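Student: Given only the sequences and the hints, what does the whole structure look like? Please build it.
Chains H and C supply the protein sequences, listed in that same order. Numbered per full-length UniProt numbering, the first sequence spans residues 1 to 318. Numbered per full-length UniProt numbering, the second sequence spans residues 1 to 407.
No wet-lab data here; the hints were simulated from the structure. Be careful, since some hints might not be right.
What the hints assert, rightly or not - Short, incomplete list of chain C residues facing chain H, as computed with Cβ under 7 Å:
| no. | residue |
| --- | --- |
| 1 | Phe-3 |
| 2 | Ser-71 |
| 3 | Gly-72 |
| 4 | Thr-220 |
As the list claims (entries may be wrong) - Stretches of chain C that chain H covers, calculated by requiring three or more beta carbons in the stretch to come under 8 Å of a beta carbon on chain H:
| no. | segment |
| --- | --- |
| 5 | 26-36 |
| 6 | 53-62 |
| 7 | 74-82 |
| 8 | 96-105 |
| 9 | 206-215 |
To be verified - Pair by pair, the computed Cβ-Cβ distance ranges are:
| no. | chain 1 | residue 1 | chain 2 | residue 2 | range |
| --- | --- | --- | --- | --- | --- |
| 10 | H | Leu-25 | C | His-233 | 54 to 64 Å |
| 11 | C | Asp-200 | H | Pro-268 | 52 to 62 Å |
| 12 | H | Asp-258 | C | Asp-200 | 38 to 48 Å |
| 13 | C | Asp-200 | H | Asp-216 | 28 to 38 Å |
| 14 | H | Leu-25 | C | Arg-353 | 36 to 46 Å |
| 15 | C | Gly-333 | H | Ile-264 | 54 to 64 Å |
| 16 | C | Met-62 | H | Asp-216 | 47 to 57 Å |
| 17 | C | Gly-333 | H | Gln-152 | 48 to 58 Å |
For clarity, every value in this text was computed on a predicted model and none was experimentally measured. Glycine included, C-beta positions come from ideal geometry on N, C-alpha and C.
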Amino acid sequence: MSEMKKIKNLKEFSTSADRFEGANLLCPGCAHSIIVREVLNATNDDLVLSASTGCLEVCTAVYPYTSWDASWIHIGFENGSTAVAGAEAMYKALKNKGRLKQPDRNPKFVSFAGDGASYDIGFQWISGCMERGHNMMHVVLDNEVYANTGGQRSSSTPIGSSTTTAPAGRVSYGEKKNKKDMVSIMASHHIPYSAQVSPNKWKDMVKKIQHGFSVDGPVFINAVSPCTTEWKFDPKDTMLLADLSTDSLVFPLYEIIDGRELNITYRPKNVVPVEEYLAAQGRFKHLFKDEYKHLIKEWQDRVDDNWSYLQRREEARV
Amino acid sequence: MAFDKMELKDIEVWDGNFAAAQALRQCQIDVVAAYPITPSTPIVEGYAKFLADNYVEGEFVMVESEHAAMSGCIGAAAAGGRVATATSSQGFALMVETLYQASGMRLPIVLNVVNRALAAPLNVNGDHSDMYLGRDSGWIQFDAYCPQNAYDLNFIAFRVSEDHGIRLPAMVHQDGFMTSHTAQGVHTISDDDAYNFVGDFKPMNDMLDFEHPVTHGVQTEEDWHFEHKARQHNDLMTKVFPKIEEVFTDFEKLTGRKYNIVEKYDTEDADVAVVCMGTSVETAREVATEMRAKGIKAGVVGIRVIRPFPFMQIAEALKDIKAIATLDRSAPGGTVGMLFNEMAGCMFNLEKRPMLCGKIYGLGGRDLTKAHLVELFTELQANVDAGKITTPLQQFIGVRGPKLSYL
Ligand SMILES: Cc1ncc(C[n+]2csc(CCOP(=O)(O)OP(=O)(O)O)c2C)c(N)n1
Ligand code: SF4
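Tutor: As structure tokens, then:
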């Protein structure tokens, strides 16, 4: 087993082991790159990475350039997880046969994918990888929308959000469905570890990623990824949005061990009203019209209800 | 734990599926990612059993779909090892997106395609409808006519596909049930000879070489996409045939079995000929011999390599023939059959252009009988005698009801 990387402070963390270069085509203020760096910086081990088609992929590997200083593959929109699973199977095969070029290395296998690539089209592939028990981590860059194709709804898009395929209009408040609960679904595969993380809570994130790397078997990580373009906020405010999402409990931080034991890993000292979170983003602007104000109350109720459910599950230790 | 060698008799009675499975075992595949579908399933079942019995060492990943099977194969191949799988019909259709991804990334993978009809209506029997879905996907495609070919062509496919100058995935086709489930005598190669023939896998740009990280599957726009595709196409058209010829020669040295890109049978002095693939080649050869006894100078051209398509070799084989029929085992869906189309392309610039008509046969496993072929050769001779095509250009062979024909 390799040594777990020791991380002292944010400055050291943010500048160490840059295997994902700052030079890429993501929008200024895009949280995808921050999350990727945080995941990669959590380990010194060798990496085998994939990205599914989406913002991260199209912005970081445009021939003849690459932002990745680690083994990396993109196949298609839905199958990044299975690409990594295939590579992991090959690693096992070659290790057993004594054919690895660097047999003493202990690589980590990670697939990155957007919420569309994970919650929707890639769902089956990820489920297959989790069920089969590959030693890999799937990280969702959850910006709650198909950003790369210009802002269509996904099954992660929250209710009331205006998207290009579920637009707010004279008689519509936009998306009508609640966000899919992927962490629970993935935990139900009885995988050793699943968790929600946020780029602003970097210590929590590093702890979870390192825990994920230390277990044997599949790991599912859902990372909130504020998207300046589709959420419609000022690029300088990415971390503010991440703060608002965790502190309003819209995006609670917790982990599920072995598909059962749930631990809440962050409890905001001052819980921010959901309204503040919604008000900070253009995609919810229409909810502040008189006729839709009840939706804001419904939002708050839903978030409260979910938080109390998570707490009850944590207490019950089941 | 090292795997055990298997003692094979010089001739074993194998069906096409088991012959292919044995070839995969002897090539010592590192990773198989697979999903079952009739009639190809026994190939990967065979591999699983060999693994369970320690006759092979590797990883078998039983995935949740054919799309995932090829996705896993792509990831495994990019990681740097020998990779294979098998499929048919709907499974092949589900794989099509990934076929382009595998070839575009220049990854050596061998896919055994046991040909079967495409739904609807649902049908599990052999025809070539599935084969055509992938024929422009940038894979090398070999065609087996019998279990012996299904065995031999797998070794050949690995040698060609994994060559560093080629680096393109390859398919080995065989006819569903007619080859895959029909047992015949198969001349074997010993485990050592077989493995030595394909050789150790030599990785290139492998993701598990951590001293040299690589980026696979990049984005290219109009500034580079064309160059990549043109290079890939050019390599297919110019490098693959010489390599195949070389490997065929080596294979003949090892086994005495001679393969050709285009399998000519009595074409040298023929007046009439059929061009076909799969099991129909052997039937057509038999009938051609019988036709010669009746005074009709008949020949047969079997396509051994479907992609790249051997335009030149076929034109050369058929240039002096007067009337030709192509046998297409697929419903062309609104056009002429694939072989008809390609043959027309081969011969358009010939000085003496043969007459050409297209026949559709055997859909959904319908038999092509010797009587059908006797009728066909007779019809071709009638065309020669009349100096023109006397029947419709495109016809169905052996379909019930009123004669259906077009053009
Ligand atoms: C099979 C297939 N269908 C559709 C697409 C088009 N497509 C590419 S990226 C994308 C959306 C990506 O959204 P998401 O996964 O959420 O990632 P993001 O861009 O938001 O980071 C879509 C629809 C595709 N590439 N492949
Ligand atoms: S559209 Fe959103 S997710 Fe995509 S690069 Fe821009 S900020 Fe990032």
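Student: Verify this for me: three or more residues of the segment 53-62 of chain C with a beta carbon less than 8 Å from a beta carbon of chain H.
Tutor: Since 5 is at least three, the answer is holds.
Student: Is it true that H:Asp-258 and C:Asp-200 lie within 38 to 48 Å of each other by Cβ?
Tutor: Once the Cβ atoms are compared, 41 Å apart, the range 38 to 48 Å for C:Asp-200 and H:Asp-258 holds.
Student: Taking 54 to 64 Å as the hint, is the beta-carbon distance of H:Leu-25 and C:His-233 inside that range?
Tutor: Given range 54 to 64 Å: violated, Cβ gap about 28 Å.
Student: Using the beta carbons of H:Leu-25 and C:Arg-353, state whether their distance is inside 36 to 46 Å or not.
Tutor: Violated - the Cβ-Cβ distance for H:Leu-25 and C:Arg-353, about 54 Å, lies outside 36 to 46 Å.
Student: If you count the residues of the segment 96-105 of chain C with a beta-carbon closer than 8 Å to a beta-carbon of chain H, do you get 3 or more?
Tutor: n = 4 at 8 Å, threshold three: holds.
Student: For the hint on C:Gly-72, just tell me whether its beta-carbon gets within less than 7 Å of chain H.
Tutor: Since the shortest Cβ distance to chain H is 4 Å, the answer is holds.
Student: Do the beta carbons of C:Met-62 and H:Asp-216 sit within 47 to 57 Å of each other?
Tutor: Cβ of C:Met-62 to Cβ of H:Asp-216: about 20 Å, so the range 47 to 57 Å is violated.
Student: For C:Gly-333 and H:Ile-264, compare the CB-CB distance with the range 54 to 64 Å and indicate the outcome.
Tutor: At roughly 57 Å between Cβ atoms, H:Ile-264 and C:Gly-333 fall inside 54 to 64 Å, so the hint holds.
Student: Verify this for me: three or more residues of the segment 74-82 of chain C with a beta carbon less than 8 Å from a beta carbon of chain H.
Tutor: holds (count 8)
Student: Go through the hint on C:Thr-220 and say holds or violated, using the shortest Cβ distance to chain H against 7 Å.
Tutor: 5 Å, holds
Student: Are three or more residues of the segment 26-36 of chain C within 8 Å, CB to CB, of chain H?
Tutor: As far as the segment 26-36 of chain C goes, the hint holds, because 3 residues have Cβ atoms under 8 Å from chain H.
Student: If you check the beta carbons of C:Gly-333 and H:Gln-152, does the distance land in 48 to 58 Å?
Tutor: 32 Å, violated
Hints 1, 10, 14, 16 and 17, counting from the list given before, are not met by this structure.
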